[in-house]
Amino acid sequence: MKYILFILPLYLLGCHAPVTTDHKQTVDTTAATPLPAVQQAYTQLIQAMPDTAIAYDDFNGDQIMDTAYGVLFKDHSDEEDGQNEYIVRFSSDSITPLYASYGAMRLINEGDLNKDGRDDISLFQEPHHGCTYHMSTWTYANNKWKEIGKPWLTLTGCERVSDEDLQKKIVLENDTVYYYEEDVSNDSFQLQKKVMILY
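Under mature numbering (1 follows the signal peptide of the UniProt record, and there is no 0), the letters of the sequence shown match residues -17 to -1, 1 to 182, in that order.
Do not rely on the hints blindly, as some may be mistaken.
What the hints assert, rightly or not - The list that follows gives simulated cross-link-like pairs (lysine-lysine, DSSO-like), each with its CA atoms no further than 30 angstroms apart:
#	residue 1	residue 2
1	177	57
2	177	98
3	129	152
Think of the hints as simulated: they come from the structure by calculation, not from any bench.
Just so it is clear, the structure is predicted and the values come from calculations on it, not from any experiment.
Could you put together the complete structure from these sequences and hints?
Take a look at the structure:
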């Protein structure tokens, strides 16, 4: 009997413990921005959106840090073999949204690659099938987004690419922009450093 009285309170406490069913990873969206007041205003909005990717940079050259967040634009998951469409929106109303087409994405801060006074952004987008991702780099000029160079495909081997490795996909060295692409001419798929011809 005394064992039952000892176990009963533990059982009741266990029954009332909160149960969590959401196993999504959460991101601390306030730690990476130097403008916590601006970010705080968008935190609830961003967290409520599905498939969100976030980046911070000065995309319009006004010396104020902007927040870019990629979100689901059109859901085609109920269609046979459908793929969702995405768009990149910004914390500043003065920046036109960037239509990102199909495939969930991650956003990469690139800094000012083309030396126009505005930071650039790259999109790393998942394929419809397979493990070859699409990469493109964009700049904001004359109130619209344009690609600064030719997009390219990057192989992942169906493994997650780290943020650090994504950041190394494009580099600015001695006023020349380079990108890294896998060599598909042999089985080693070694990275090749190529000059990006800027538009």
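- Query: Broken hints, numbered, in rising order?
  - Reply: Result: hint 1 breaks, nothing else.
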